[in-house]
Every structure is written in structure tokens, then in C-alpha cells.
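Colleague: Using the working numbering, the first residue of the sequence shown is number 1, and each one after it goes up by one.
Calculated directly from the structure, the hints in this document are not laboratory data. Check before you lean on any hint, since a few could be wrong.
[Stated by the list, open to error] Taking lysine to aspartate or glutamate and the EDC-like style, the derived pairs with C-alpha atoms no more than 20 Å apart in a straight line are:
hint	residue 1	residue 2
1	Lys79	Glu52
2	Lys256	Glu174
3	Lys280	Asp168
4	Lys71	Asp53
5	Lys268	Glu135
6	Lys34	Asp85
7	Lys139	Asp85
8	Lys172	Glu47
9	Lys474	Asp505
10	Lys242	Glu135
11	Lys242	Asp505
12	Lys457	Glu508
Quick caveat, the model's predicted, so the values are computed rather than measured.
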Amino acid sequence: MPSKTVNPDLVTERQKATFNVEEFTTWWNDGEEKKEERRALEKEFLEDPELEDDMPVSYLSHKELYEHGIKKATLVAKKLRELQDQGRTSVDNYTAILGGSIGSAIIKEGNPMGVHFVMFLPTIMGQGTSEQQFEWLSKAWSCNIIGTYAQTELGHGTFIRGLETRADYDPKTEEFVLNTPTLSGYKWWPGGLGLTANYAVVIAQLYSKGQHHGIQPFIVQLRDEDTHMPLPGIDIGDIGTKLGMKSVNNGYLGFKNVRVPRKNMLMKNAQVLPDGTFVKSPSSVLTYGTMVFVRVVIIRDAAYRLAKAATIATRYSAVRRQSPIDPSEPEPQVIDHITQRLKLFPEICKAIIYKVAGDYIWNMYNHVTGDLEKGNLDRLPELHSLACVLKALSSSDTTNGIEVCRMSCGGHGYMDQSAFPTIYGLATAACTYEGENTVLYLQTSRYLLKAWSQALKGEPLVPSVAYLGDVAGKRITDFYFDGSLTDIVRAMEFVAANKIKVAYDHVEQRKAEGMSHEHAANYTGIELTQASAVGFFVL
């Protein structure tokens, strides 16, 4: 018999499944053990009375949303530490609870302490020396201090080399002096900065001995640990309401002669010696390690957000009856309309595809990070480029897919109760934070042009672009197509390679006509972004 609490049409649709639902659930959760672990976490967090909402969050004011979010964030942090004491924390659980599928169900408009756990702590782990990790990680994990990651400025976001915040080294006191030279140099957007954080990893332009040494990360105290009041020279506050992530209290930050001890520069990679001598990092990309990590997390979160939207829309389509196909018959379930399936099924497929891609890039990130610890930087550029393009693709596809799912629910999808406005607000933010998508496509294109040049010379290529060596210099008539899955992939490789070839040829042609490489690339921007969207084959 149908359940008393589940719509009979929904029960019937579930019974029609032609695959083993439990088997699919096991695969989705990466195995039986992780599936059961996840279910236990869902029960522990989602059934905790303290974490339940007493009213819809859309009814709350800006101030109330923050207070609601910080109360829950504090409880979540406490439960996370309890899980750690029980030996039940893993990176997957950690990210799922803080901002993934479980976290977004607990704090629907974003965790005010999310950046503390997802960026502040990982930056110290990835860029701090062992001594710095020992000093800061215990304080941060116990939440004795709350941190954020202050990189983006009002005037500069994706163009990181254009950041204006300065850190001038004073060898007499062995301190860095931080200043915000202009209004456009104010840090703008860091999550938790507005009201919550009392520390930040600040990305600033380093100057020492009269020389500029590029951007470097510094741990800076912003507020008094006891009174929570801003320290001298710190101008800080909340930037106000936003489209989504409404309880995250994004903030602004300016500095006026703020002094920071030399030991507060994170020096795992680059260093400043007591006399001001600068020791260069083995790779400038290492400075962007936190962004690579967050982009990898974004890809995995995108899959869950689209899956959530597709689930809501599919369930609605099963229980909603509308518009008789035959006037002599009763109204059918909306999902019986072929046009509705055309809306929903591709989004379900995309969610699965990005789940697989997210797992791939996550495993690659862990592998490359392990290599970095051994001093092997060979695959770091490949990881960086893949993380850029997959972040851009997943966030834009997810944002568009959620809107398709919302509209497939008719007027009901426009209501706050549908959850679509909240899911959309979280998803679309990822199209611009941690790198605006078009800029990320262009960053990736530089890597692909270099790979194409290597393919033309017959040089060895890394796995994700190795296919270019097979395709370079060949025509479509050189391949026999039999319709198999292998040949479908080969055809896609050929198309992708030729998009890269077109972009490469157009850049070279414009350079031959007298343009600089930079201007030639700008005028070839459309071809470059198109090539980036299809240029990697990783699965």
C-alpha cells in the first residue's frame, strides 16, 4: 500500500525504476561504507532539534538571518569537533557538513563561518610552515579565533596581480606594514568578514628592500579577541544584502599602517628573511593553492545543487497533474508530457556527469598535492587549468539548469517554499567568486594553446590533453567512424582539437599581421573561450 505520508503517484513512479535504487545510492556515495556514514550524518544533523528552523528563513530580516546563521554555525562547529573526537571526520564529511548537501540543508542561506573552515584553515595548512601550522591550526580548529580569506578588492577580483593592498617590510622591527592606498583597494566580499571574523589571511603586494615581490599571504588580526572591536588602523564592516548567501555577512576591509609580525607571513613557499631578503617560491601557482582547492570543492557542490533542483522538479512533475493529452482522458502527471521530460532528464544527467567530474578532479587534486609535498610540480599547471575550466562549466551549467528546473514547476517554482530561489542564489554566486567564469576560460585557453604547440612539435603531453598528439595534423577523413562509444569519444576529441587549432591559428595570424600576443589573444577571445569549454578529456 502507498505510504500515508508519500503521494501515491510518487510511490508508483519510484516502483517503476528500471535500476536498483540502493545500488545507485551506493555508487553516488562512493561505496557502502561512505553511504552508511552519510546516512548517519544526515540523521545526526538533520534530525537535531536544535538545528531545525522555527520559521521560514525568507521571513527574516538581514540582521535576523545573520543571527540565525551564526547560532546554527556555532552548533555545527561544536558537532564537528565532537565527530573529530570520535574519529569520524573525513574531508568529504567536512565539506558536506560545512557547505555541501548537508550543510546547505542546515543553514539554507550559507554558513557565516564557512570560509573559516573551507579557506582560512586550508590556507594555513597548504601555505604555512610546520611551525605556523602548529601555532595557528589548534586555535582555528577550536574556533578560539575565527578567520576569513581576504583577497578580492572592490576594484580588482579575478585580476589578482592588480590587487592594491600593500605590505611593506620594515627590517628594523621585523614587521610588515599593511596599507590600503585607495578606495578601490579595499578588500570586498570575504565571507564572515563583515561581523564574524577576528582574523584573516590577507593577500597583499609585498615590498621589501625597495623591490616588489608580487602577492603573498599574511595572517592579520582584525578584531580584539575579547571585545571583538576592530583594532587600530582597521576599517571593517558588512557590505549589505545580496541575491543569495544572505547569512554569510560578506564584508569590506581597509588598512592604515597596520603592523604585522614577520612570522605572520605564510612562508611554506616564498619567504622573507629578517634582513628583508626575499626567497622566491618554486612556482607562482603555489600562491593560488587555496583557490585551486576551493574550485575543486565548487565543482562537487555544483553537482549536488543541480541534483537537488532536479529532484524537486522531478517529484513535482510526478505528483502534479496538468493539461490532458487526450481531452477524453483525465489530466496526466506532468512528467507524462514529453516536453517536460526534455527539460528534466538532461539536468539529471548533468548532475551525474559533474559528480563524476568532481570526483575525478578531487582525486587528482589529492594526488598532485602529494606530489607537491615531494617537490614534484609537473602536473600542477594541468590541475590548475582543469580546476579553472571545470569550475566555470559546472557553475554556469548548474545555474542555468536550476532555472530550467524552476520554470518546469510552473508558478509553484516561483515560491520561496519550492527552495529554488535559495538554491539558485547559492549556485549563481559560484559563477563569479573564485574567478569570474569567462576569465577562467581564458586562463585555461593559454594552457591549451601551449599544449597544441607541444602536440605540433611531437612533444609529450599530460594525460588530459594527450589526445591532441593523436589528432594534430590529421583530417576528419583520416578516421573511420563506426558509431561505437569509442568512436563517439574520438569524434569529440577531433572537434575539440580543431577548436583549439582554430584559436591557435587565429592568434598566430593576428601576430603575423603585427599585433602583440596579448592583443591577438584579446581579439581571439571568442574562439579561445569556445576551445576551453571542450578542450580537456579526463574521464
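Colleague: None of the hints should be skipped; say for each whether it holds.
Modeller: These are the hints, each one checked on the structure:
no.	hint	result
1	Lys79 - Glu52	holds, 15 Å
2	Lys256 - Glu174	holds, 18 Å
3	Lys280 - Asp168	holds, 16 Å
4	Lys71 - Asp53	holds, 11 Å
5	Lys268 - Glu135	holds, 14 Å
6	Lys34 - Asp85	holds, 19 Å
7	Lys139 - Asp85	holds, 16 Å
8	Lys172 - Glu47	violated, 57 Å
9	Lys474 - Asp505	holds, 15 Å
10	Lys242 - Glu135	violated, 35 Å
11	Lys242 - Asp505	violated, 42 Å
12	Lys457 - Glu508	holds, 16 Å
Checked against the numbered hints above, the structure violates hints 8, 10 and 11; every other hint is satisfied.
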